[in-house]
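Visitor: Here is how the chains run, residue by residue.
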Amino acid sequence: MKKKIPIVISMLCLLTVWAGCKKTDFQAQQREGSQLLNTGEYIRNNFSFSIFSAALQKTGWVDSLNNPNVQYTVFIPDDDAFHKDSVLSAADLDKWSVDSLRRMVKNHIIRNKLFYSEIPVSLDNLYPNLNGVDLYVSGGLVNGQRSLAVNGITVQQIQSAVTTGAVYDIPLANGVLHVLSRVLKYFPGTVQGFLAARADCADFAAGLKKFGLWDSLGKKGPFTVLAPVNAAFDKNKISMDSIGRMDTAKLQSVVFGGYIAYPHHIFITDIGMVYASALTVSGSYAMTLNNLGMVLQTAQGGRLGPLAKKMAYLDRISRWVNTYSTDYLCTNGVVHLLQQLVVLPSDVPKQ
Amino acid sequence: MKRCIYIFFSILLGTAGCRKVTYNAVSKPAYVRVFNSLNYATTLQNKDNPPPFLTMIIDPVFDAEGIVAGGGIVGDYLDKRVSYAPPYPLNSGSTRTVNNEYPGNEKVLVGPVVNGFDLSSWAQMPSGRHRIQFYNRTVSTVPFFQLPAGSRTSLLVDTTLTLEEGEVYTMQVLQRDIYRTTNIAELYVRKELFTKMPLADSLIYVNFYNLSAEGYATMYNFTDPGRDLYGGNNAQVIRDTMNIYYCLFTPDSVSGRTTRLIPGYEDIPLTTLTRSHQPGVASYHSIPLFPGRDTTGSIFSNFWQRFIFLMPAYSPLGNGAYGPYSGLGNRLNGNYAVLDCTDQYDVNYTGAYYNTMQLVPNLRVTTPSGNYPARSFSMINTVEWINNQVYLMSIQRQYPAPVNN
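Protein sequence lines correspond, in order, to chains A and B. Letter 301 of the first sequence, counting from 1, is numbered 301 in our numbering, and no numbers are missing. Heads up: take any position in the second sequence, counting from 1, add 1000, and you land on our numbering.
Rather than coming from a laboratory, the hints here were simulated on the basis of the structure. One or more hints might be untrue.
With a cut-off of at most 20 Å between alpha-carbon atoms, the simulated EDC-like pairs for lysine to aspartate or glutamate come out as follows [as the list claims (entries may be wrong)]:
1. B/K1028 - B/D1048
2. A/K58 - A/D94
3. A/K113 - A/D80
4. A/K220 - B/E1167
5. A/K235 - A/D200
6. A/K219 - B/D1048
7. B/K1080 - B/D1343
8. A/K106 - A/D94
9. B/K1028 - B/E1165
10. A/K95 - A/D80
11. B/K1047 - A/D124
12. B/K1047 - A/D134
Only some residues are given here: those of chain A computed to face chain B with a beta carbon under 10 Å [as the list claims (entries may be wrong)]:
13. I7
14. C13
15. D99
16. I119
17. V121
18. S122
19. N125
20. P222
21. P263
22. Y275
23. A276
24. S277
25. L279
26. L289
Glycine included, C-beta positions come from ideal geometry on N, C-alpha and C.
I would like the entire structure built from these sequences, with the hints used as guidance.
Guide: Structure (structure tokens):
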């Protein structure tokens, strides 16, 4: 028995060494039976996304989004978002060709899973969508408040039972959803092309041509154009004809150049994501933007435009045509539509 | 049999107990500390510029396309500096990737104690000639060299300098001026002298720099959009030339301080501060380290310091007060300012009175040492006023370790 003691001790030592070397796998294991749905299946089963789901079915994209081997992130407009663009039910999508519907769907999808936590805390992070067009994804942090927006459209916060912080992700088996409050708008041309294509911006376009500002809008940019619609000129008794008769030798170009911020690429959501500051436009004029519209002043704070005599600051703001007439993304900038002018020819004669 | 088993176990223990540790060493090191002092706020006007979130690359290596692909020394995630640069490595032990200074939480060799001064906040770096680049990077947790190539091209500063062996360097990326929109930053390199100076350990030393961007004081003395970045109203601007006076008060504590003047230490002229980005060490000024009137054997000191910055045309009003000046609230125009160095620095005051005030920690440090649970030591301090924010950098001397008894 005595002879066996060292052997027993050695066995115990070996056991200790072996047991001490055990490598514990601390990786969390996914529980069986808790499989998440695939993206296409989730969208089809959610009543809030019935219009986008119909678009997926019409364009044959449901199967692609159910492919477990490919990951997607979908910035998905809910039904309310489509209602804002007068698409009230899935039947309204029949008015679109399948090609343009497919372009709309692919505009909202990027490859791979993009979780909110992976998005840098800075503005205009570019992620190409399936049409090959960059989406501007912005994560803001002002006064400790985080926010998220895509192409100037706010991503809705998700109510979660398990977290108290801001939640923007709907995680799925093969993807992630982020819910948008509006449909993404993209014009596949320059801001110049956008203005040329819109009949309601014809007066503004004529003025830009008159003052030699038109050609630059077809160049690289970035431009932020706040375009007054024809009705804004009508209100102030300015017509296409009177624009044609304006004397460029007697007027400063700010009368039309005051609506162009260069080199700036500003969505309306940016305003709440960074600290406010005026933009310098047309030489030395100060353009102030807010959620409602814009105000133009001289560098010394002198008031301009048809609203200059209003007492309250809110009444001096030239407002957007409506809440949805902003953030038209073009290849070289962004266009927002204004319902009132900010500067009159009589304000800015050449000295 | 027995012998075989013993030999076997000796070998087993020998191999299991053998651990090879490779000690990194930097031959002929210089000591370097780097700050990102680009403290401007991101606004609508500058939002299309790259964010002031940097990567420092020393001796960069480029790929075939000319895009930076590596470097000898890399300091990634270099965020804006915080108002206090303590006498120990900042962010150390933090699991966050963001670093408010270099070396901070980087796992690199740091400086030893040189002539009694603790250089653990300075990284060791091989002396000699180095190319130093700073790139703007996206604000994320992805390491710089894993970012797509297009995100590694936003070069902010590119310079070459010679580091001398054994010398202590403090570097900062500074905003040149408020006018330009490109090439906005420059590298400011200061070769520190405190390790070579005969500084008494019974005195507190402090020197001052105004490293603000050119034109900042005249442009933003009313309306800097970043004013509220640093905690309520405790941020403001001074003019390019200011006289500095100091007062000493007692007692001080984390929960509160009183403005009871120490007799004889009232509005003492100290120096004149002029805005400049020229490298060079400003002269150190000494302040006595008073023992406290307490039961700890006069080991614990609890006075605090107030520095009053005034335009040359103005004079202090006595009693350490800046009296009617403070009533001007926001309309100071950079003509008056007060810097309080107190244990109660981490307070977000509100109200017009406090619009005149900047707060940083006390210029002395109190720590367990030897047999004493709380013992006060003087420090070597550098006050840097950059745009609307004051930064304090403190250097501590070596002190006796606490003894448990």
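Visitor: Each hint: holds or not?
Guide: Verification of the supplied hints:
{"no.": "1", "hint": "B/K1028 - B/D1048", "verdict": "violated, 43 Å"}
{"no.": "2", "hint": "A/K58 - A/D94", "verdict": "holds, 9 Å"}
{"no.": "3", "hint": "A/K113 - A/D80", "verdict": "violated, 25 Å"}
{"no.": "4", "hint": "A/K220 - B/E1167", "verdict": "violated, 48 Å"}
{"no.": "5", "hint": "A/K235 - A/D200", "verdict": "holds, 14 Å"}
{"no.": "6", "hint": "A/K219 - B/D1048", "verdict": "holds, 17 Å"}
{"no.": "7", "hint": "B/K1080 - B/D1343", "verdict": "violated, 23 Å"}
{"no.": "8", "hint": "A/K106 - A/D94", "verdict": "holds, 18 Å"}
{"no.": "9", "hint": "B/K1028 - B/E1165", "verdict": "holds, 6 Å"}
{"no.": "10", "hint": "A/K95 - A/D80", "verdict": "holds, 19 Å"}
{"no.": "11", "hint": "B/K1047 - A/D124", "verdict": "holds, 9 Å"}
{"no.": "12", "hint": "B/K1047 - A/D134", "verdict": "holds, 18 Å"}
{"no.": "13", "hint": "I7", "verdict": "holds, 7 Å"}
{"no.": "14", "hint": "C13", "verdict": "holds, 7 Å"}
{"no.": "15", "hint": "D99", "verdict": "violated, 31 Å"}
{"no.": "16", "hint": "I119", "verdict": "holds, 8 Å"}
{"no.": "17", "hint": "V121", "verdict": "holds, 5 Å"}
{"no.": "18", "hint": "S122", "verdict": "holds, 5 Å"}
{"no.": "19", "hint": "N125", "verdict": "holds, 7 Å"}
{"no.": "20", "hint": "P222", "verdict": "holds, 7 Å"}
{"no.": "21", "hint": "P263", "verdict": "holds, 6 Å"}
{"no.": "22", "hint": "Y275", "verdict": "holds, 4 Å"}
{"no.": "23", "hint": "A276", "verdict": "holds, 6 Å"}
{"no.": "24", "hint": "S277", "verdict": "holds, 4 Å"}
{"no.": "25", "hint": "L279", "verdict": "holds, 6 Å"}
{"no.": "26", "hint": "L289", "verdict": "holds, 7 Å"}
Checked against the numbered hints above, the structure violates hints 1, 3, 4, 7, 15; every other hint is satisfied.
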